[in-house]
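> Each protein sequence line maps, in turn, to chains A and B.
If you're matching positions, the first sequence starts at 10 in my numbering and goes up one per residue.
If you're matching positions, the second sequence starts at 196 in my numbering and goes up one per residue.
By construction, these hints were calculated from the structure, which means they are not laboratory data.
This one's a predicted model, so the numbers in the text were calculated from it and none came from an experiment.
Quick reminder that beta carbons are idealized off the backbone N, C-alpha and C, glycines included.
Distance windows between CB atoms, simulated:
# : chain 1 : residue 1 : chain 2 : residue 2 : range
1 : A       : Leu228    : B       : Glu492    : 37 to 47 Å
2 : B       : Pro206    : A       : Leu228    : 30 to 40 Å
3 : A       : Glu244    : B       : Lys296    : 29 to 39 Å
4 : B       : Glu299    : A       : Lys236    : 29 to 39 Å
5 : B       : Pro206    : A       : Gln202    : 51 to 61 Å
6 : A       : Glu266    : B       : Glu378    : 54 to 64 Å
7 : B       : Lys296    : A       : Glu234    : 27 to 37 Å
8 : B       : Tyr499    : A       : Ala341    : 52 to 62 Å
9 : B       : Lys296    : A       : Asn59     : 22 to 32 Å
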Amino acid sequence: MAQTEVKTLAITGNGAVSLAMKQVDPDVVAAYPITPQTDVVQNFSQYVANGDVKAEFVTVESEHSAMSACIGSAGAGARTMTATSSAGYALMVEVCFVAASMRLPIIMTTVNRALSGPINIHCDHSDSMLGRDSGWLQIYNEDGQEAYDATVMSFPIAEHKDVRLPLMNMYDGFIISGAIGPLKPLSAEQVQQFIGQAPDYPKLLDAKNPVTMGPFDGLHGWYFEQKIAQNIAMENALDVIQDTYDRFYELTGRRYEHLMKYRMDDAEIVVVVANSAAGTARAVVDKLRNEGIKAGLIKLRTFRPFPVKLYAEALADVKVVGVMDRADSFGAPGGPLYMEVLTSLYQEGQCAKAVNFIYGLGGRDVFPQNIEDVYRRLDAIAKGEDAPRERIYVNAKGM
Amino acid sequence: MATQEIKKQSPKVYIDRPDHLSGGHRLCAGCGAPVILRQVLMGAGDSPVVISNATGCVEVSTTIYPYTAWKDSYIHSAFENAAATISGVEAALISLKKQGKVTEDFKLLSVAGDGGSYDIGLQAISGALERYHDIVILCYDNGAYMNTGFQRSAATPKGAWTTTSPVGKVRPGKNQQRKNLTEIAIAHNIPYVAQASPHNFRDLIYKAEKAFAAKGPAFLNVLSPCPRGWRSKESDSIQLAEAMVKSNYWPLFEVENGVYKINYDPKKRKGAVADWMKQQGRFRHLFTPENEWIVEETQEMTDYQWERLKAMEEATARFGTQEAAEAQEPAE
Numbered sequence: 010m011a012q013t014e015v016k017t018l019a020i021t022g023n024g025a026v027s028l029a030m031k032q033v034d035p036d037v038v039a040a041y042p043i044t045p046q047t048d049v050v051q052n053f054s055q056y057v058a059n060g061d062v063k064a065e066f067v068t069v070e071s072e073h074s075a076m077s078a079c080i081g082s083a084g085a086g087a088r089t090m091t092a093t094s095s096a097g098y099a100l101m102v103e104v105c106f107v108a109a110s111m112r113l114p115i116i117m118t119t120v121n122r123a124l125s126g127p128i129n130i131h132c133d134h135s136d137s138m139l140g141r142d143s144g145w146l147q148i149y150n151e152d153g154q155e156a157y158d159a160t161v162m163s164f165p166i167a168e169h170k171d172v173r174l175p176l177m178n179m180y181d182g183f184i185i186s187g188a189i190g191p192l193k194p195l196s197a198e199q200v201q202q203f204i205g206q207a208p209d210y211p212k213l214l215d216a217k218n219p220v221t222m223g224p225f226d227g228l229h230g231w232y233f234e235q236k237i238a239q240n241i242a243m244e245n246a247l248d249v250i251q252d253t254y255d256r257f258y259e260l261t262g263r264r265y266e267h268l269m270k271y272r273m274d275d276a277e278i279v280v281v282v283a284n285s286a287a288g289t290a291r292a293v294v295d296k297l298r299n300e301g302i303k304a305g306l307i308k309l310r311t312f313r314p315f316p317v318k319l320y321a322e323a324l325a326d327v328k329v330v331g332v333m334d335r336a337d338s339f340g341a342p343g344g345p346l347y348m349e350v351l352t353s354l355y356q357e358g359q360c361a362k363a364v365n366f367i368y369g370l371g372g373r374d375v376f377p378q379n380i381e382d383v384y385r386r387l388d389a390i391a392k393g394e395d396a397p398r399e400r401i402y403v404n405a406k407g408m
Numbered sequence: 196m197a198t199q200e201i202k203k204q205s206p207k208v209y210i211d212r213p214d215h216l217s218g219g220h221r222l223c224a225g226c227g228a229p230v231i232l233r234q235v236l237m238g239a240g241d242s243p244v245v246i247s248n249a250t251g252c253v254e255v256s257t258t259i260y261p262y263t264a265w266k267d268s269y270i271h272s273a274f275e276n277a278a279a280t281i282s283g284v285e286a287a288l289i290s291l292k293k294q295g296k297v298t299e300d301f302k303l304l305s306v307a308g309d310g311g312s313y314d315i316g317l318q319a320i321s322g323a324l325e326r327y328h329d330i331v332i333l334c335y336d337n338g339a340y341m342n343t344g345f346q347r348s349a350a351t352p353k354g355a356w357t358t359t360s361p362v363g364k365v366r367p368g369k370n371q372q373r374k375n376l377t378e379i380a381i382a383h384n385i386p387y388v389a390q391a392s393p394h395n396f397r398d399l400i401y402k403a404e405k406a407f408a409a410k411g412p413a414f415l416n417v418l419s420p421c422p423r424g425w426r427s428k429e430s431d432s433i434q435l436a437e438a439m440v441k442s443n444y445w446p447l448f449e450v451e452n453g454v455y456k457i458n459y460d461p462k463k464r465k466g467a468v469a470d471w472m473k474q475q476g477r478f479r480h481l482f483t484p485e486n487e488w489i490v491e492e493t494q495e496m497t498d499y500q501w502e503r504l505k506a507m508e509e510a511t512a513r514f515g516t517q518e519a520a521e522a523q524e525p526a527e
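Given only the sequences and the hints, what does the whole structure look like? Please build it.
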């Protein structure tokens, strides 16, 4: 059921996400400011100062302490949120693993920014890709609307009894975080209704049922099984995420899927890309389609868990797939997304040609022409040109 | 006032208080930590407690999965972040109490050794103290990273042998004097800071009770004998702690709303640092003609610190006003 008349706001990505945080009004937020996430924390501070939220806001002295406080808070039984970027996320990573292993449904916004060094404040995905093995659910978002919607949808996903894992939502630093775009928000009541009550799980603040969390596993050896349990929860999340997307569609008319297909029906050459570059890519697909080139696009949303079968299905009849990574994995066969897509194809016994394009590192612009060049290359490969095994760097100087 | 008046009770009163830590934990014979924890938790009385513990001896010895020695709720997340973790527990407690979802008066305790307090956990402790959470932060100071096999910390005494300040042909153990963490905590202008020792259990339990009763953060630094790392006899631990206090090396004092009070003042020093250094194998190499200067220097430093402490007691006596204490408290 689509919403009736909703006023459209003109708001930055960070503004959209902080609005969602205000409407969610979690029990606790513990966060530390960092570019380009900063105004998420600033806006939330203002909500606290204005008395607009009931949340306890812990203004920690570092991101490591932000995530540590989130662990204490969620462990105590409180609905808990935080936000970060780049170096801040890197500082958190040690305890991000702990949060996931404790199965604490903490919700974090990670505004994508390049990792140092050299220090660079602009967008790429090296920060969140650093945590791809940390046990957190990872959802990538194209624009402010998606980031807002994802924030609201995070709670029923992360808190679901078959999942109970922390979740991070990404969107591009500056390109989305700081740029004003349209937002159709929900009402606070709709948000509250959608997220429901926080679940009741074993918690520190239960005097009658005290619990020991984070025990030492050095002698009896259940670490391995604990890790298997985390992976089972990841597996379970695939259905829970889609069910939540479907329920959200009923409420808003906005359709979300693990991967978002654009003009894929008879596509022969396809690009897979995450976040804001997908918008540019759609315009390029339209242009190429007008020329009769059978171009298609897959926009990644869910990266953890990675929906292997869905990628294999979507790419089953495709001749060449170009995977665009906004992060690199030095010394690896390709960027992180490329390796996931390649593995998905292999696991399902498919052998479409796949080429890796690395783009946008440290905020390097990706223009429509750059993406068009990517498709032209894929088209040439589809017509018989050799598919390169090595990465192709997009819009890099001297390449 | 953020602090409350607490009476030092007779041992009979303390012994009837519930034990928060059960037997069967695997800390070493002669270890100061479980003694200290029992005494500190006696200060919490009947209240339920949430303990946030840094990685270390206490953590690995009390929570060997699937067992736990803790009768209260307990959380360990990493080495450097016990104080940050308890900050989050406190925020959750405030929020859930406001919503009526939690009704009990929980006491919140962060526990770390000197590694997790003086060194890797210092930032998290400083942040938590500055944010004025209603928590107690306890450091059990045994003077090195004992859990991982005796590596030096900022709390290791000068000249002490550790595995990362070993004794060799050109180095007589640790080169540097200790950091004064208690003074660092005091500099946060929090309601209550105290230094204590398990040999004087009435003093320690009283201080813990005072710390838990304070509205806002409190910091306890407690000397914790370690037979393995100190290379001392298990049966000597409590006596060694006493000797260290009597030599003025580890003064028993408290700072309440900025006012220093020495709790044990021997007037004339009751022993020298050499007395207890001789009983600890980690200092054995110092009792040679070429290294004796380190013992002498440690005595000089101890005497100087003691004189300074007495001067602080005298100087701050007139500053304990209600107005000064309230000015330090955060806005609601």
